[in-house]
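**Student:** In the numbering used here, the protein residues as written are 1 to 261.
Don't take each hint at face value.
[To be verified] Below, a list of computed lysine-lysine pairs in the BS3-like style, where the Cα atoms sit at most 30 Å apart:
id, residue 1, residue 2
1, K20, K203
2, K3, K175
3, K78, K20
4, K68, K203
5, K20, K175
6, K203, K43
7, K3, K141
8, K168, K184
[Stated by the list, open to error] Okay, the calculated beta carbon distance ranges per label pair:
id, residue 1, residue 2, range
9, Q196, L235, 39 to 47 Å
10, L149, L84, 18 to 26 Å
11, Q196, E237, 33 to 41 Å
12, D123, K175, 33 to 41 Å
13, L235, G150, 18 to 26 Å
14, G18, T134, 33 to 41 Å
15, G2, A182, 19 to 27 Å
16, G58, L133, 43 to 51 Å
17, G58, K175, 21 to 29 Å
18, Q243, K20, 31 to 39 Å
These aren't lab readings, by the way, just hints derived from the structure by calculation.
Remember, predicted model here, so these are calculated numbers, not experimental data.
A virtual CB, placed ideally from N, CA and C, is assigned to each residue, including glycine.
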Amino acid sequence: MGKTTLVSSMALLASSWGLKVALVDFDLSYGNAFEKLGIRQPKDFSDLVADVPSEKEGLLEKATCIHKNLYLFGPCVKPEMAELLFPCVSHFLQAVSGLVDLVLVDTTTASTDCYAQAAQCADRLVIVSENPLTCINSLAKVSGLAVRLGVARTRIIRLENKANPRVKQDFSIGKAEVGLEAAKMFRIFEGGPGFQELIQQGKLSVLLQEETSFAQSVSFVLAHFLNELGILPQLREAQIALQATPEKKPFSLFNRKKEVS
Numbered sequence: 001m002g003k004t005t006l007v008s009s010m011a012l013l014a015s016s017w018g019l020k021v022a023l024v025d026f027d028l029s030y031g032n033a034f035e036k037l038g039i040r041q042p043k044d045f046s047d048l049v050a051d052v053p054s055e056k057e058g059l060l061e062k063a064t065c066i067h068k069n070l071y072l073f074g075p076c077v078k079p080e081m082a083e084l085l086f087p088c089v090s091h092f093l094q095a096v097s098g099l100v101d102l103v104l105v106d107t108t109t110a111s112t113d114c115y116a117q118a119a120q121c122a123d124r125l126v127i128v129s130e131n132p133l134t135c136i137n138s139l140a141k142v143s144g145l146a147v148r149l150g151v152a153r154t155r156i157i158r159l160e161n162k163a164n165p166r167v168k169q170d171f172s173i174g175k176a177e178v179g180l181e182a183a184k185m186f187r188i189f190e191g192g193p194g195f196q197e198l199i200q201q202g203k204l205s206v207l208l209q210e211e212t213s214f215a216q217s218v219s220f221v222l223a224h225f226l227n228e229l230g231i232l233p234q235l236r237e238a239q240i241a242l243q244a245t246p247e248k249k250p251f252s253l254f255n256r257k258k259e260v261s
């Protein structure tokens with residue numbers, strides 16, 4: 001379960017709460033967000049970017065429509081096209097942000113020009129890592145880069161992935177590092193046995209309907225993100241997620257409420 005699974009999960013949830021969402025996969029060469037969403041072949045990102053300045057209103061028609069409220073952009077069919085499109089990134093993000101309620105961007109781990117433009121355009125920059133005790137140096141480098149790119153420290157959010165719900169969160173870790181002093185911290189819990197296998201089958205939307213620690217923690221974190229941005233829907237599910245405390249309930253193939261077909 002990596003960052004692409006997380007951002008895809010949040011895109012699915014936000015759209016189910018009634019928001020119009022654009023999920024942008026900026027791993028333009030080898031991104032696989034489409035697989036998480038159960039899509040075999042997404043539309044080629046290189047085909048639409050060239051027309052952004054002249055066809056802003058028709059931009060969503062060139063996206064891969066997952067369902068009514070969710071649109072996927074990226075990656076490129078030909079990996080070698082990725083670098084040629086970097087100069088178009090900021091214009092594209094500005095255009096698509098005017099057409100939807102929420103834009104979620106999945107970037108590569110490499111510090112490319114594409115990453116830099118996405119970070120500078122973001123209302124919130126989420127840095128995803130696993131156990132912060134073992135990767136504090138990497139966290140500091142990424143957050144330091146973000147600050148040098150002009151990202152305000154208050155716009156940086158730390159997200160601990162694959163966290164253990166039975167271990168208390170330590171909010172002091174990384175507070176002295178550049179860029180992390182004011183960063184809020186959240187955790188996403190493990191999905192449990194069999195979870196990864198079903199994600200690889202494109203069953204993410206079904207898995208999010210299960211009462212697992214993973215699904216509950218993703219809902220909780222997303223609700224807080226949206227609330228901070230002032231766009232949390234009044235929908236009952238969204239409001240419950242905002243107030244909830246993720247339970248310590250592991251995922252199991254043998255106690256699922258619904259069959260995965």
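**Student:** Give a verdict on every hint.
**Tutor:** Okay, the hints, checked on the actual structure:
no. : hint                       : in the structure
1   : K20 with K203              : holds, 21 Å
2   : K3 with K175               : holds, 22 Å
3   : K78 with K20               : holds, 28 Å
4   : K68 with K203              : holds, 18 Å
5   : K20 with K175              : violated, 35 Å
6   : K203 with K43              : holds, 20 Å
7   : K3 with K141               : holds, 18 Å
8   : K168 with K184             : holds, 16 Å
9   : Q196 with L235: 39 to 47 Å : violated, 29 Å
10  : L149 with L84: 18 to 26 Å  : holds, 22 Å
11  : Q196 with E237: 33 to 41 Å : violated, 25 Å
12  : D123 with K175: 33 to 41 Å : violated, 23 Å
13  : L235 with G150: 18 to 26 Å : violated, 34 Å
14  : G18 with T134: 33 to 41 Å  : holds, 39 Å
15  : G2 with A182: 19 to 27 Å   : holds, 26 Å
16  : G58 with L133: 43 to 51 Å  : holds, 48 Å
17  : G58 with K175: 21 to 29 Å  : violated, 46 Å
18  : Q243 with K20: 31 to 39 Å  : violated, 25 Å
In summary, the structure is inconsistent with hints 5, 9, 11, 12, 13, 17 and 18 from the numbered list given earlier, while agreeing with the others.
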